[in-house]
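Chemist: Protein chains in written order, with the working numbering: chain A, 1 to 435; chain B, 1 to 435; chain C, 1 to 435.
These are calculated hints, taken from the structure and not from any lab test. The model shown is predicted, which means the values in this text are computed figures rather than measured ones. Any given hint could turn out to be false.
Since copy identity is lost for identical chains, a pair holds within one copy or between any two.
Unchecked claim - The list that follows gives simulated cross-link-like pairs (lysine-lysine, DSSO-like), each with its CA atoms no further than 30 Å apart:
(1) K67 <-> K95
(2) K348 <-> K43
(3) K61 <-> K87
(4) K369 <-> K416
(5) K96 <-> K369
(6) K397 <-> K416
(7) K43 <-> K416
(8) K397 <-> K241
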Amino acid sequence: MYEFVRQLYPICRSITGNGVRETLRIIGQRVPLQIREVPTGTKVFDWTIPREWNIRDAWVKDPSGRKIIELRNSNLHVVSYSVPVHKKLSLPELKKHLHSLPELPHLIPYRTSYYQATWGFCLSHNQQRELVEGEYEVFIDSSLEDGHLSFGEYLLKGQTTEEVLLSCHVCHPSLANDNLSGVALATALAQLLEGYDRRYSYRFLFVPGTIGAITWLALNEDFIRQIKCGLVVALVGDRGKLTYKKSRQRCAEIDQAALHVLGHSGAAYEVQDFSPYGYDERQYCSPGIDLAVGSLTRTPYGRYLEYHTSGDNLDFLSADALEDSLQAYLSILHVVDTNRRYRNQYPKCEPQLGRRGLYSELGGQSDGKELEMALLWVLNFSDGEHSILDIAARSGKPFAQLARAARLLERAGLLKESMEREEIRGVERPIESGG
Amino acid sequence: MYEFVRQLYPICRSITGNGVRETLRIIGQRVPLQIREVPTGTKVFDWTIPREWNIRDAWVKDPSGRKIIELRNSNLHVVSYSVPVHKKLSLPELKKHLHSLPELPHLIPYRTSYYQATWGFCLSHNQQRELVEGEYEVFIDSSLEDGHLSFGEYLLKGQTTEEVLLSCHVCHPSLANDNLSGVALATALAQLLEGYDRRYSYRFLFVPGTIGAITWLALNEDFIRQIKCGLVVALVGDRGKLTYKKSRQRCAEIDQAALHVLGHSGAAYEVQDFSPYGYDERQYCSPGIDLAVGSLTRTPYGRYLEYHTSGDNLDFLSADALEDSLQAYLSILHVVDTNRRYRNQYPKCEPQLGRRGLYSELGGQSDGKELEMALLWVLNFSDGEHSILDIAARSGKPFAQLARAARLLERAGLLKESMEREEIRGVERPIESGG
Amino acid sequence: MYEFVRQLYPICRSITGNGVRETLRIIGQRVPLQIREVPTGTKVFDWTIPREWNIRDAWVKDPSGRKIIELRNSNLHVVSYSVPVHKKLSLPELKKHLHSLPELPHLIPYRTSYYQATWGFCLSHNQQRELVEGEYEVFIDSSLEDGHLSFGEYLLKGQTTEEVLLSCHVCHPSLANDNLSGVALATALAQLLEGYDRRYSYRFLFVPGTIGAITWLALNEDFIRQIKCGLVVALVGDRGKLTYKKSRQRCAEIDQAALHVLGHSGAAYEVQDFSPYGYDERQYCSPGIDLAVGSLTRTPYGRYLEYHTSGDNLDFLSADALEDSLQAYLSILHVVDTNRRYRNQYPKCEPQLGRRGLYSELGGQSDGKELEMALLWVLNFSDGEHSILDIAARSGKPFAQLARAARLLERAGLLKESMEREEIRGVERPIESGG
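In isolation and in its complexed conformation, chain A is listed as follows (with noise of 0.2 Å):
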């Protein structure tokens, strides 16, 4: 994952633009994605795609001729969005356009600036403290034009249509951790989930911020209830705890498979309330919409210092925390794709376990064996209304001993799976990529 935020890195991407396209084209040779292009000025719900933004060169002359801020250099330089531009002003003029961090003066801001016309550079406090006065020469070689807005998508089909979502933002131009470690992981989730059984089909977002998942939803809006849940991907490589930013329905399975894994790993962990800002959880939580979608990251949006900087670069990233981060997605993910509910088929009295091979034979032994203790929860719970995960959260029993346990039980026929719950099937659509 590392090694493939690194080849992204240099590209200069918007939400719009051929940043974007490289970028899914690179995504493309590991995961069989999908590309959709929508056209400026479609209307996606109270929104319209913009035009397309693309940008060939962009720099600052001082006044005695020298280029000192390069588009080359970063691609933070130059605000996002930005129209062309090639004149000269004194400095005082040019200050209006430029932005720096004075609490942080060794470091580029990231800005944009998409549904205003207007320009501007992004420099180091420390650089802009030393500029003289004089005549500067900025010159933006950018076009704001019609075009299109780009996406990518990829369905890996399950068992059932029942689908999971994995958004990640493709939008940020050279930022590491955000998001191009969500992308990294998002697409090295999509190669390993091929190789596992799925009950449900997966399907993975690399869309640009707040536009993109607007987009996405406007064009499936007929389709949205096919969705189970889902996880935005975004901040997960650098050094901190995991997070966990519950979805709006505070409760729904997700949230209890991520706080059952993260609550079981032994590491330290947050939990945080939904809230309705950060990354594209805000659109997919509005309350017209309200999918069951929370987002695991590691430090959150915002909370560090070298976030929407040139500190966010690779140094920033750890493999480690990549590692752990694909990890626990992993978990919560099969903790979702396998939690089911159970109805006991022997509920008055327990069954005799005994002569079906599930209890020990000799009784008295006062050591609590904890698979026949399982199989005691699971039976007990299995009324049709406990999950698996339910049964976790009540007997404080880890997910994947219950769930080994039903297993039995079930093979045994002491248990059937109780679908009255599961109303949601939906139909076949027609916008997905192979599996």
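Please build the complex by placing chains B and C on the supplied structure of chain A, with the hints as guidance.
Modeler: Just chains B and C now, kept in the frame of chain A:
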């Protein structure tokens, strides 16, 4: 308010009689009070309006003929509702009619005997201990005759006929905190609210404790459902911290509002669960009435040493505390009056705030802007279920900020007030005062 | 109770056989027990009544011919349900049939093999370590033949046919706390309750663990809904603190009552959530039965070192602990039996307590009178929804005080018992003992 308490302090009040009438007359100089007189013998639920009690003079002379206890020195000296008496008796006989507080020997207790025909005097324990043997002369020039129970009410009309009730008791003689502080605060509140926009109508009751509240409820039984919520105003002038006692319903809007205001005040405060004791919330929250009426006091009922003694005097009050209490009442009523439930008109994904001028133009900045967050919270939870106060509780943000965000969003056409839950509108009611 | 335990201690009990019969006969000397015999092979839910096991003698002789293990020294020495055997074997062969506890080397473990035909001996680890090489002789004179499973029950009739179940297991051999303490307590409870007024009927079950409870439930399936609640009586004689394990329903009336009594006892106690392990609450709380049956023990199941060993002997018991446990059972059952739900007949405002002699005549005293407060709590919350136990939980007041207040109010015509929720009345049932 402190001056108003000083003005009312010398009057000898009881649950009926000229003391209450004189008190209501003086309140009527500040707000256009409607005074009601209910005849002795009127049935009010399980109770009957008692005979009217008035007292002109009372004293005790010691064996040397010196007046040692005199009503004119303190109207706490006579047990309220004492029947007339004039006789001579020995010290042991006299003592059966004397009340003092051994544990607070310098204070005169406050005692009543409304429903049991007897007479008595109250005095400090220090004084009682010095009484010498011999023949005493007691004299109480009182009358207990058919008459009326008097109370005052004032209705300040709002845009709707739904009412907020503010009730205080006016039956205690020279006790400053209990409850002249409440009388003064309710009067000031009525004067202030007159100058405000009001969605709800505000009804102020100045009633004798227990029998007065019961009388009002019995006379207005059909009308009770028009009362949205209310507060019992008492004990608001001492130096203790504010204490909110919840309504029997426990989480009514008035309870939420009080907890929000106190929780965001920055000052220490206390919250008590409902209990069927205290002041007239006992009646308003009886099971067959069950109004959403809480009570905001400072040190609560019976929890200060000077409670129901001559120590509850003008020195015990603090003008600053009165003012602080008034501000808390205003804030709570403001929250109740302006709390709304909205429905987001663009519930699918976020509406585009930027083109409506509701969002900062330059993206990418990591410093959370408070108002923008408030806008997002209000949009996300305005699903017709959550009120602004509910959103305040869920987000931890101040009500005022969220209410401001809601107004901006409503103006931009993004929110509409949701009326679904407000079925209680009620009928016009005959008895009322102008506003 | 201690003496009764001492009397029952030497008997060699198992889940069937003469040991249980003898135990039931002795209990029957104290309470008029009805003894039931269920034939081998009878189907009881998923189980079948096993063959009856009886044992007359058993020993092991060492290579020198000395009896080193003898049933007559301790009936724990033989694995319960051992099949007959008489043969000579080497030490390694013998060891496959020996059970000891390396971590508690001085104690003999208790082992059973009800549903697997085998034989075995238990001994202290100290003794096992000293066994020398050579040829041993083992002898078990037991029989495993068609016969019966025996259990006893006793119904103490009350004013209604709704029943409270008290169940204890009678299948353990010489173990004092587990469960002769429970047998003795249940017997004493039956004798004591005979002298009390009883709203409910009380059914005492003396059954072999697991198979006995299952048998009783299977034979009485139609009748189960007549059982209001119950307690499993076990482990009530050790010196640990009282522990209440909740029913599967978690907040049934019996759970509320137990928590109330323990919470107001002033002594240390522990509350455990329900788990599908332990004693016969496993059967009573299986999902298809789901009775409101909790369990009150002292140190719980498996949590003391001597558990299921020869260390659980007469010295391990405390007569004081037994008495303290009995008092707790009596208190909990008293709460359940006298708990009522009332409806205030004067729900609009407070009724006038003074003229009914329920209120102190002289008002104004600030010292709260406990009974008056109890009267007010009961009046305010007797809305047909809250029981006295609910009011106790909400007010924090002792049940006894509130129940007394309710009786006074009922006598004064202010309350009426609310029957609305008590639909479960049930039919007369054939099998029962006189009371």
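Chemist: Look at each hint and say if it fits the structure.
Modeler: Going down the list of hints, with the structure as the test:
In the homo-oligomer, the alpha carbons of K67 and K95 lie at most 30 Å apart inside one protomer (16 Å), although the nearest pairing across protomers, at 90 Å, exceeds that limit. Within a single copy, K348 and K43 get their C-alpha atoms only as close as 59 Å, which misses the 30 Å cut-off; across copies the closest is 13 Å, which meets it. Within a single copy, K61 and K87 get their C-alpha atoms as close as 10 Å, which meets the 30 Å cut-off; across copies the closest is 106 Å, which misses it. Taking the closest pair of Cα atoms, K369 and K416 come within 30 Å of each other only inside a single copy of the chain (24 Å); across copies the shortest separation is 52 Å, beyond that limit.
Taking the shortest alpha-carbon separations for K96 and K369, only the inter-copy value of 21 Å comes in at or below 30 Å, while the best intra-copy value is 71 Å. When the C-alpha separation of K397 and K416 is checked against a cutoff of 30 Å, the pair qualifies only within one copy, where the shortest distance is 21 Å, while the shortest distance between copies is 47 Å. Proximity of K43 and K416 under a CA criterion of 30 Å is satisfied inter-copy only: 23 Å between copies versus 48 Å inside one chain copy. Within a single copy, K397 and K241 get their C-alpha atoms as close as 23 Å, and across copies as close as 26 Å, so both meet the 30 Å cut-off.
Every hint from the earlier list agrees with this structure, and none is contradicted.
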